[in-house]
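Those sequence lines, one after another, are chains V and P. Here our numbering is used: the first sequence runs in plain steps of one and ends on residue 296. Here our numbering is used: the second sequence runs in plain steps of one and ends on residue 1393.
In short, the hints are calculated from the structure, not lab data. The structure displayed is predicted, hence computed values, not measured ones. Here a beta-carbon is modelled for each residue, glycine too, at the ideal position from N, C-alpha and C. Please note: incorrect hints may appear among the correct ones.
[Unchecked claim] Label pairs and their in silico Cβ distance ranges:
no., chain 1, residue 1, chain 2, residue 2, range
1, P, G1219, V, I71, 39 to 49 angstroms
2, V, E46, P, V1078, 30 to 40 angstroms
3, V, I71, P, T1152, 11 to 21 angstroms
4, V, G68, P, G1124, 16 to 26 angstroms
5, P, E1077, V, T142, 46 to 56 angstroms
6, P, G1244, V, P192, 47 to 57 angstroms
7, P, S1248, V, A105, 41 to 51 angstroms
8, P, D1121, V, P241, 54 to 64 angstroms
9, V, E232, P, Y1171, 21 to 31 angstroms
Here is what each chain is made of, one letter per residue.
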Amino acid sequence: MTYRSLAWIAAISLLLMGSFVMAEEKPVIYTVNYPLQYFAQRIAGEQADVTLPVPAGIDPAFWQPDAGTVIAFQQADLVLLNGAGYAKWVSRVSLPRRKLVDTSAGYRDRYLQAEEAVTHSHGREGGHSHSGVAFTTWLDFTLAVEQARAIAAALSRLRPAAKDVFERNFSVLEQDLLALDSQVREIVAVDPDNSLLASHPVYQYFKRRYGLNLTSVMWEPDVAPEAAQWSELRQLLKLHPSNWMVWEGNPNPESVTGLRGLGVDSLVFDPCGNRPVDGDFLSVMQQNVQNLKRAF
Amino acid sequence: MMDSLYIAWKYLSFSKARTATLVACVTLIAVLPLALQLLLAESERQLLSRAESTPLLLGAPGSALDLVMNGLYFDDEVPELISMAAVDAVAASGLATPIPLYVRFKARRFPIVGTTLDYFDFRGLTVTAGRQLALLGECVVGAEVAERLGITAGDSLLSSPETVFDLAGVYPLNMKVAGVLARSHTPDDLAVFVDIKTAWVVQGLVHGHQDVTRTQDAGVIIEQTDDNVIANARLVEYTEINPGNIDSFHFHGTPDDYPLSAVITVPRDEKSATILRGRYLDGDSGYQLVVPGTVIDGLLANIFRIKHMLDAVILVVAVATGLALVLVFALSIRLRQREIQTVFRIGGSRLTIARLLAAEITLIVLVSGVLCAIALLLVHQYSDELVRTLVIR
């Protein structure tokens, strides 16, 4: 056998092996919010199709899928959950347990209770409903790293052959998230006692991680506050004087003007629960960090 | 020979009552042991195949047989309950896939099996009409349930109250039938499957009602503080889950504490199975982990012990019946002395008389044989269902 024949055989073998690898279907991964979709996409790269079926403009935490979408979730190879009571619809549908990955299960003992939760019971002796758990976990970027790590581990279990790729991609993502963590810590270190207001109680983990002096009200960015809400805010400012209100999204101009009248400026720190109109999770968080600088 | 058969046939037709009694005796003696054998073989097949395809079953300490019969064959006897924490513990071990089971309630006499979608993959069950479970409050029914109740995908099925005397109990849940399973010739055909959370809705542990923190109806509130609202029994709970009220369904307490009757435990490999069994060997664990095949083997050993006794009884009865038949024939010959004399007088030999009697016996045995074959064929045809009705449930 000549060297040329051997080369041909080797080339054909490589081609066949290549087409075999190509023929292996990409795993399908469904997620319940955008941060998990972003993390999974960054870690999996081209090795998986990652889907977030929540329509744009809807908060995935309060979305309810129809039966058809639930069936699509059932047929996925992995379903990434945020945990911490995020997306309550998960407890009202049927999903195959073995495909579920609770990305925050590793730090369940560090969950925070939602301050605004009201429990109820049936009769004086009745069982109390479980009070709400705060679920915007990824705003503590070290917890976001933990969630990304859980995703990398789940992907490695699903596709052991690509474990090295997943670990490499996770390392890069981890560096990006830890860089954000350092930046926020540096900003807050300038004035740790700086008093802030939050338009909505979604910053519990962010507040704990970075030691913020932050109090929340229940305002919506796109809805002008009612007279009673303004009155409550004035009372709150007496107890918690502040010059800045942190919003989830761009606030209504009427709210911004009214706040200015009280000496409170507005800044946006978007939790990015759903896909942003522009950019991605990282660019939105980098913009958030820049916005936060204004308050310190 | 044909003459003898013809005369014997005429004689048997004439003495209808005697012939019928003889045929019944011979048929019963032949059918009983053979039918019993068929039914036992079928029960062994059904019990063993289901048990052997279920590697391990986790449950509360107590009767292993009750646990297996409830977990595998959906028997009415509910074992001591365990909690969802057991499922989490198995999953956290990384050694096995846990499949929770909650078999306690019924819908129109059929067991409601609360489980997760993993159960359907594990048993290889597929949906032939409609779709798989998707939303809380839905059920998929076994092929036999659908046939007997005349229901299909899109219909409703009401859960049955545990006891009619529990007037303060939970309202029955009107479940939407999402799909019908393909026939599997197992107890799954006779079950109503729901998501484990829907089973808890049936029990009233998960429920939905108007938002008590926003209600304007002061008549339903006993007491209200900033962080808790106490409602009274006037608060009407929803008896059906639909897109309009599904968001109001909630858990009271921690889901980890919610009840289960058993957990099918599918180990990753033999080594994992051994490690798991070792962990639950300790009586202090609060659980028992059984190998269903071993439990059913023990049950079958008892069944076969009883079968041997029955065989002995049947043998004695057969001998007694045989003797009775001989007596009947002997008496019949004595009673038929005048007929036999007439046969002699018209030229019949002793051999002719013997041939006539032999023809009569042959005809009786033949008719009995045909009846016996028909009876065995029927038993064989319905053995699957007979076993499930008489032996397993």
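Hint-by-hint comparison with the structure:
1. P:G1219 <-> V:I71: 39 to 49 angstroms: The hint (39 to 49 angstroms, Cβ to Cβ) holds, given that G1219 of chain P and I71 of chain V are roughly 41 angstroms apart.
2. V:E46 <-> P:V1078: 30 to 40 angstroms: Cβ of E46 of chain V to Cβ of V1078 of chain P: about 51 angstroms, so the range 30 to 40 angstroms is violated.
3. V:I71 <-> P:T1152: 11 to 21 angstroms: For I71 of chain V and T1152 of chain P the Cβ distance comes to about 19 angstroms; the hint holds.
4. V:G68 <-> P:G1124: 16 to 26 angstroms: holds, 24 angstroms
5. P:E1077 <-> V:T142: 46 to 56 angstroms: Check passed, 51 angstroms falls within 46 to 56 angstroms.
6. P:G1244 <-> V:P192: 47 to 57 angstroms: holds, 48 angstroms
7. P:S1248 <-> V:A105: 41 to 51 angstroms: violated, 27 angstroms
8. P:D1121 <-> V:P241: 54 to 64 angstroms: Check passed, 59 angstroms falls within 54 to 64 angstroms.
9. V:E232 <-> P:Y1171: 21 to 31 angstroms: violated, 40 angstroms
In summary, the numbered hints that this structure violates are 2, 7 and 9.
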